[in-house]
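Could you build the full structure based on these sequences and the hints that come with them?
What follows is each chain in one-letter form.
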Amino acid sequence: MIAMRCRYESEMIRALKTGALSESLIEHQRNCSICREVAVVAQALLRDAGDLAPRYTPPLPTQILAAAERRRRMAALERATRFVFALKIAGLIYAAVLVLWGVRALAARGLVLPGLNAGSLNATITGAGLAVLFVGGGLWYAMREDGRHLG
Amino acid sequence: MTLAESITNYAGSARQEAPALDQAAFQLIYEATARPLWAYLLRVSGRRDVADDLLQETYCRFLARKAGTGALSMNEAETRSYLFRVATNLLRDRWRRGESAFEDDAQEELVVEDDPAAKLDVRRVMQALKPRARQLLWLAYVEGMSHAEIAEATGLSVLSIRLLLFRARRHAAGLLRPATMEVR
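First to last, the protein sequences are chains A and B.
The first sequence maps to residues 271 to 421 in my numbering.
The second sequence maps to residues 4 to 187 in my numbering.
Derived from the structure by calculation, the hints contain no laboratory data.
Just so it is clear, the structure is predicted and the values come from calculations on it, not from any experiment.
Some chain B residues near chain A, calculated using beta-carbon distances under 7 Å:
| # | residue |
| --- | --- |
| 1 | Gln30 |
| 2 | Ala42 |
| 3 | Cys63 |
| 4 | Tyr144 |
| 5 | Gly147 |
| 6 | Ala175 |
Beta carbons: idealized from backbone N, C-alpha and C, even for Gly.
Next up, the structure:
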């Protein structure tokens with residue numbers, strides 16, 4: 271389908287909106303099917319908009335300001351909570367890594383279970399390191415997305 | 004104070020603490036834009052409750068942006084355009100969540116008094132159109148936005164707007180014409 275367009279279309283819309291349709295535009299409209307279509311649709315919509323708007327009583331601006339302020343505080347609280355949550359997760363991860371590192375150090379001195387050797391503990395610590403990487407990456411992404419949504 | 008002055012003051016107040024002026028400036032912006040914005044939301048969503056909710060959400064986001072950037076300097080046309088862009092995005096988010104429009108027509112409680120045939124006709128036409136088409140028609144013919152402005156508000160390309168608007172207009176005109184002739 272070819273989207274036909276008339277060069278007087280914008281002028282026609284402006285004239286219909288202001289109600290100042292000049293003789294030349296009226297004459298043009300008689301010979302232009304696009305502008306006739308524009309006039310039919312625009313007049314109906316403008317009439318409808320003109321009827322709707324005055325019948326609506328919007329909430330008081332103070333209500334909107336209060337709602338925005340409430341939302342701002344909630345967002346600030348959520349941001350603060352998110353940060354604390356992230357700190358908690360990071361703390362748990364570091365604690366787990368520390369425990370593993372401690373166990374490894376003790377195993378090297380033969381102070382823990384004989385089955386735990388340096389090799390198996392190295393693999394565990396590598397796994398924990400990867401977990402830190404993935405959890406950290408996930409947290410960073412989640413916080414970035416949240417921040418974007420909250421503006 | 005004119006609307007343009009109030010917008011300038013409102014933008015300026017982001018940098019300096021002036022809550023009283025802030026409120027007065029916002030009030031002027033709100034009074035100049037709330038009704039047309041609500042009419043747009045109502046006709047595109049087809050539901051009064053949705054229009055009410057999204058209107059409030061739009062202004063909350065507007066205020067949040069102002070507070071967030073601290074240097075929002077928009078003129079009257081830009082402010083209006085920004086508000087319609089936010090409202091358009093909110094409508095799109097609703098459709099993406101699968102909440103369809105015109106679910107409950109009874110919720111639109113506006114009283115139709117003079118020329119009921121014409122008004123019901125516009126509602127019927129809007130119901131028959133796809134949400135995107137409703138948006139484009141309203142933004143182009145009621146708000147008088149250019150194709151470039153509509154493209155900015157909807158996130159589509161100017162070429163797509165031209166084609167979609169052409170289709171929507173043709174469809175709407177086809178639906179409106181018989182009734183228009185009857186009314187006259």
